[in-house]
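One line per chain: the protein sequences are A and B, in this order. Start counting the first sequence at 1; every next residue gets the next number (our numbering). Start counting the second sequence at 1001; every next residue gets the next number (our numbering).
Note that these hints are calculated values from the structure, not bench results. All C-beta atoms, glycine included, are put in the ideal place defined by N, C-alpha and C. Take these hints with a grain of salt, some might be off.
[Said to hold, decoys possible] Heads up, simulated DSBU-like pairs for lysine-lysine below, C-alpha to C-alpha not over 35 Å straight-line:
1. A:Lys79 x B:Lys1427
2. B:Lys1201 x B:Lys1428
3. A:Lys36 x B:Lys1349
[Claimed, not checked] Residues from chain A shown here face chain B by an in silico Cβ test under 7 Å; the list is partial:
4. Val19
5. Ala63
6. Met108
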Amino acid sequence: MRAADLTTAFVLIAGGVLVIWDSLRIGIGWGTDGPKSGFFPFWLGVIMVGACLVIAAKAFRSADRAPFIRPGAIEPVLKVLLPATAFVLATPWLGLYVATTLYTAAYMRWIGRHSWLSVIVVSVTVSAVTFYVFEIWFLVPMPKGPLETYFGY
Amino acid sequence: MGIENLLLGFQVALQPHNLFLAVIGVGLGTIIGVLPGLGGANGVAILLPLTFSMQPTSAIILLTSLYWGALFGGAITSILFNIPGEPWSVATTFDGYPMARNGQGGQALTAAFTSSFVGALFSVVLITLFAPLLAEVALKFGPPEFFAIQLLTFSSFVGLGGGNPMKSLVSILIGFIMAAVGLDIVTGALRLTFGFTDLMKGFDFIVAVIGLFGIGEILLTMEEGLSFKGASAKMSPRVVLETWRTLPRYWRTFVRSCFIGFWMGFKPGGATPASFMSYSFAKRFARNPERFGQGDIEGVVAPETAAHAAGGASLLPMITLGIPGSPTAAVMLGGLIIWGLQPGPMLFKEKPEFVWGLIASRYTGNVIGVAMVLAFVPLFAAILRVPFAILTPLIVSVCAVGAYSVNGRMIDIWYMLIFGVIGYAFKKLDYPLAPLVLALVLGDLAENALRQSLIMSQGSLLIFLERPISGAITAVALFFFALPAITPWLRRLRGAPVAAVKPRET
Chain A
1 MRAADLTTAF VLIAGGVLVI WDSLRIGIGW GTDGPKSGFF PFWLGVIMVG ACLVIAAKAF
61 RSADRAPFIR PGAIEPVLKV LLPATAFVLA TPWLGLYVAT TLYTAAYMRW IGRHSWLSVI
121 VVSVTVSAVT FYVFEIWFLV PMPKGPLETY FGY
Chain B
1001 MGIENLLLGF QVALQPHNLF LAVIGVGLGT IIGVLPGLGG ANGVAILLPL TFSMQPTSAI
1061 ILLTSLYWGA LFGGAITSIL FNIPGEPWSV ATTFDGYPMA RNGQGGQALT AAFTSSFVGA
1121 LFSVVLITLF APLLAEVALK FGPPEFFAIQ LLTFSSFVGL GGGNPMKSLV SILIGFIMAA
1181 VGLDIVTGAL RLTFGFTDLM KGFDFIVAVI GLFGIGEILL TMEEGLSFKG ASAKMSPRVV
1241 LETWRTLPRY WRTFVRSCFI GFWMGFKPGG ATPASFMSYS FAKRFARNPE RFGQGDIEGV
1301 VAPETAAHAA GGASLLPMIT LGIPGSPTAA VMLGGLIIWG LQPGPMLFKE KPEFVWGLIA
1361 SRYTGNVIGV AMVLAFVPLF AAILRVPFAI LTPLIVSVCA VGAYSVNGRM IDIWYMLIFG
1421 VIGYAFKKLD YPLAPLVLAL VLGDLAENAL RQSLIMSQGS LLIFLERPIS GAITAVALFF
1481 FALPAITPWL RRLRGAPVAA VKPRET
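Can you build the whole structure from these sequences, using the hints too?
Rendered as structure tokens:
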């Protein structure tokens, strides 16, 4: 945990410095009609850098050598994160509904080891229900791909 | 003046259309509360974009009913599966799950739902009485007073939050900084965009909530390797009636928990500490405290009553001052702004049908909620028996749909995923998420209040201390900020170590 704590603190300090730098660019003083745009973020950045330095100092002195994540737990977390990332990557190309169908099907088949029949039934039903609720019922358009274009949506 | 306004509210809440929405809301909310990774806050966030075209009153009725449903859903998973769906139902698992394992699941659920009902009803009655008075006072507030209240809200996270105070402070600052990204509407300057046009519109709090709470929670759940091995509950009208017959015996616990809940609840983040506090009080005053943790029904009554009294009380600062007391309330407040309503005391004057419709819907939503969960518990519990290989992609894609529908931008789905990873890391490292979300929602309001105050005072920060009301509030806020630094010193002075219960935070 110590390494993770220190890393996070330093990332946040870097972020804070970036905020301070950008605020100085647009001005942190008194404009013609009140404080300039950079005033509020500047002080937020200053306090954040200060607080993160305290956190980093504490973490530096701590003896918590436990790893951020148990070695055995990395796999289940990645098994969620990687397919989810693939799903988001596929969405702009295939449209949300097709991506959802493939994502659900792939996840059920390779991680859940369900039978092909239930895989197809569930993944198609999920997308069909989502499509009906959002496109037809609530009229909220989702990203669409070649399949929807083919059917005229 | 209270009664006829409340009647006006009931006229709104009892319209068939709104009653129907309340039923839908409670049903959806209960499902959301039962599902791991989908709590009240992101359930409301996902549905919020769908309400943009609705009447504000109907929209808020749908969302508050959803919130009630999520609370009930949390009780179901805590008792039957030992999985607290929400942080304030952690204390419910202490006795609820043992009861379910002893074959008393039906009794535990009935007690939990009834207690929730009592707690929520108590707080809504107090709100009916006090909200108009508080709004009347708040009408006299100027920008310095509003900024002082914001300061008080965030100081209580740092001073009373119970976690690492420095990390709470950093979470708040991250929220405010994220709120500042994009176009500054006052001066027209672009802030913190570094030339990226995608950053011009800033970060949407809905996307942040869906990512931080939704995706982050699934990652955490997977890491802990949850297995949904649930106890089953036999619910029959006979069990319900028999349990109801025993409950009046615990009237002392009910009353005590109601007050603890309400008192803790109108301060931000109050529901979780309220439930723990109420549980430990009940244990201390019980005739046979050794039975607590073994499946004592009083151990279910106490935290559930307090959590729901607190959940109801968080409405008070939200509608009177425009300060949400919980992440869910923060999302609803964001909704108010999107629907074109200005949160704060003026709502009582300008939109009485909205405010009183909201208050009245708390009464109706509660009654509908209790009736629905009592009737359909087995159905809701069956959701958790759906294999996780179906649930996980389902939850992720629902979250993606929610994030996309806010602005119709693909980049928001990416933000959601990134926020998910951040939420996961922050939770493991003990950075609280609730203050971050609150700061993100309140950022612009707080900054405007600060700016206007400084314009009034020609740039002097002393304005916050010189005006009597804002002076008093600021003083308390400064005390809370200083509290973590003073406490070790105070403790040494008393010579007694104080053990703090640190609940897991969502």
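Hint check results:
1. For the hint pairing A:Lys79 with B:Lys1427, the CA-to-CA distance comes to about 19 Å; that is within 35 Å, so the pair holds.
2. Proximity of B:Lys1201 to B:Lys1428 is assessed by CA-CA distance (about 30 Å); at most 35 Å being required, the pair is judged to hold.
3. Our distance criterion of 35 Å between C-alpha atoms is met by A:Lys36 and B:Lys1349, whose separation comes to about 34 Å.
4. For the restraint placing A:Val19 at the interface with chain B, the shortest Cβ-Cβ distance is roughly 6 Å, inside the 7 Å limit, so the hint holds.
5. With a least beta-carbon distance of about 16 Å to chain B, the hint placing A:Ala63 at the interface is violated under the 7 Å criterion.
6. This hint holds: A:Met108 has a C-beta 5 Å from the nearest C-beta of chain B, less than the 7 Å allowed.
The structure is inconsistent with hint 5 alone, although it conforms to all the rest.
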